[in-house]
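Construct the entire structure; sequences and hints are all you get.
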Amino acid sequence: MKFKVEASGLRDKLSSFLATAKGSKRFVTGLMLLFVIAGLAVFEPVINAVRLGGRKPVEIGLFERGLPPSLEHPLGTDMLGRDVLALVLVGLRYSLMVGMMAGGIATIIGMVIGISSSYLGGRIDVVLNSITNGILILPTLPLLMAIVAYVRMDMLLVSLTLAVFTWPWSARTIRAQVLSLKERPYIMLAKVTNLSDLEIVFKELLVGLIPYIVASFSFSVIGTIMAETALRMIGLGPAEIPTLGFLLGWAMTYGALAQGFYTLVLAPAVLLVLIFVALNLVNTGLDEVFNPRLKKITGL
Amino acid sequence: MVSYAIVLFISFTVVFFSLRLIPGDPVMRFVDLMTRRYSYEMAPEIYKNVIEEYKKMFGLDKDIFTQYLCFLRELAKLNLGPSFLNFPAPAQVLILRALPWSIGLLGIATVIAWIIGVVAGTLLAWFRGSKLDHFLFTVAICMSQVPYYLMALFLVMLFAYIIPLFPPRGAYSPTLVPELSISFIWSVLRHGTLPALSLILISAFGWMVSTRSVAITIVGEDYLRFATAKGLKKRRIHNRYVFRNALLPQVTGLAMSLGFIMNGFYLVEWIFSYPGVGTLLSLALGLLDYNTIQGVILLSMFAVLTANLLIDLLYPLIDPRCLYEV
Chain A
104 MKFKVEASGL RDKLSSFLAT AKGSKRFVTG LMLLFVIAGL AVFEPVINAV RLGGRKPVEI
164 GLFERGLPPS LEHPLGTDML GRDVLALVLV GLRYSLMVGM MAGGIATIIG MVIGISSSYL
224 GGRIDVVLNS ITNGILILPT LPLLMAIVAY VRMDMLLVSL TLAVFTWPWS ARTIRAQVLS
284 LKERPYIMLA KVTNLSDLEI VFKELLVGLI PYIVASFSFS VIGTIMAETA LRMIGLGPAE
344 IPTLGFLLGW AMTYGALAQG FYTLVLAPAV LLVLIFVALN LVNTGLDEVF NPRLKKITGL
Chain B
-12 MVSYAIVLFI SFTVVFFSLR LIPGDPVMRF VDLMTRRYSY EMAPEIYKNV IEEYKKMFGL
48 DKDIFTQYLC FLRELAKLNL GPSFLNFPAP AQVLILRALP WSIGLLGIAT VIAWIIGVVA
108 GTLLAWFRGS KLDHFLFTVA ICMSQVPYYL MALFLVMLFA YIIPLFPPRG AYSPTLVPEL
168 SISFIWSVLR HGTLPALSLI LISAFGWMVS TRSVAITIVG EDYLRFATAK GLKKRRIHNR
228 YVFRNALLPQ VTGLAMSLGF IMNGFYLVEW IFSYPGVGTL LSLALGLLDY NTIQGVILLS
288 MFAVLTANLL IDLLYPLIDP RCLYEV
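Taken in order, these protein sequences are the chains called A and B.
All residue numbers for the first sequence refer to our numbering, where the first residue is 104 and numbers rise by one.
All residue numbers for the second sequence refer to our numbering, where the first residue is -12 and numbers rise by one.
Everything labelled a hint here was simulated from the structure, so no lab data went into it.
Watch out, some of these pointers could steer you wrong.
Below 25 Å or equal to it, Euclidean Cα-Cα: the simulated DSS-like pairs (lysine-lysine) are [what the hints assert, rightly or not]:
1) B:Lys118 x A:Lys125
2) A:Lys128 x B:Lys64
3) B:Lys43 x B:Lys64
4) B:Lys118 x B:Lys221
5) B:Lys64 x B:Lys42
6) B:Lys49 x B:Lys64
Note that the coordinates shown come from a computational prediction; the quantities given were computed from them, not determined experimentally.
Below, the structure is given as structure tokens:
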């Protein structure tokens, strides 16, 4: 038989996925950058506990006010006498947490909708697809602003709200991919061998979708962190979740720039840029490796 | 055409109802603000009456469906209803006052970025594989994903505070009166430079990436080989064959992004306190000014859909091949 049904598990597929992805310089660079950023975020409690001697980074008047950057305070202190580096690390942790949660939820919704719409086809596809496209044309930011301004939110609710407006992008990517995958011979074969739809989706389709799911996830994380930062910068959202955007908004309203506290604005902004760049490198890298047509054309 | 109208109608209806479902009483907030502003004490029953009166004026005393119908009826007359933000001026007046600033700033910036990006993108594709191409392409991939507002922050910090070359906020110097004089225009240009630059620097790279990937598929086409074999000058091949073909999809992109102008740039306006639609929206949100918020959102959706429609209608004119397919 020409097309053999591969019985290999998901783990084999994942490791072969990583082996292929390693071929892209951009993917590897992005991933390494991500690891560094994530490492900073994960070890934030430890780093801050050691540096501040167990006191809270947000505690006012912990140090002298407005110290310039030095060895002891690499980013100086702010106008309330707090260590800027400590504040930024806390912000990074929360930003990444919101991004991962919201991005994760968005990707899962996008997967469910994208796969069911394209796999089932017919009328379901028409309905789900028009819902997807309908949300895509909504002016997301003003709507988010209106919702976040008046609803008290915790972490989960913020993530859910962000995800509601982000999932259509994943759904569209995944739908397009499934549409092409489901016509492939091995899926046809699976159908002939009487596998149930669920089995086909989980055993056969999902495996082929891995690069696109990873790309959707990193795309969603970019989108949600961007939106979250935008909202927090204009002073919306709960103060209990001090993300980088919240820090930026706070710094702007207190005139940090006019008073010369540049690190308070520069550090969060640079970290955010690094997050976006890293995720985007991962995305482009994936595209290079898993889209051989593109690779041949670009010759990079 | 009809389907566009339907999409617009449904999305707006969703927006209308979700806005009203947001907890918070704008009238109470508004009256409280007034009493505080004019330090005016009111007896509780008068306070209640005042609130009732205002609710009637805004049509908020009726149930949500009647409100919706009322809104649609008034919308047909292009009346969005009074605003809280600048009572009793109607919302459409506020929006119309802010709109020229937004369109002027963002429209011009978008077009400049597009031109730079498309030209640079085709050049990169032409010189593909060179060191410069590789380097610029990677830079462009990274830069195109930086949000406008972060770029705006960097620029403000650098060129308004550390090196005070440009003013950090506003659309023109507060000492000037809007008029057609050289000093006023100079002031507007100076104030617009940084916000425009933050858009141009990011989106030009975005256009560069997309144009390069379009142009690079063209560079490999057979008809180019034929053109070369025919002995056409390289310059002519680039200008007439590559550039023109790469331009087509990018025109669609330009129309889309002009439609999305209202969507993505609120934050930049907010950072520069630029008196455009974005700043208006964030002020309106602070007061839960239904009429103004609805107006801005309606306008945004209308812009996006109109851009879509225009592309569908105009594309055959730009690309003659479309006509044959139809």
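Hint-by-hint comparison with the structure:
1. B:Lys118 x A:Lys125: OK: Lys118 (chain B) and Lys125 (chain A) at ~22 Å, within 25 Å.
2. A:Lys128 x B:Lys64: 59 Å, violated
3. B:Lys43 x B:Lys64: 20 Å, holds
4. B:Lys118 x B:Lys221: Judged against 25 Å, a Cα distance of about 20 Å means the pair holds.
5. B:Lys64 x B:Lys42: 21 Å, holds
6. B:Lys49 x B:Lys64: 21 Å, holds
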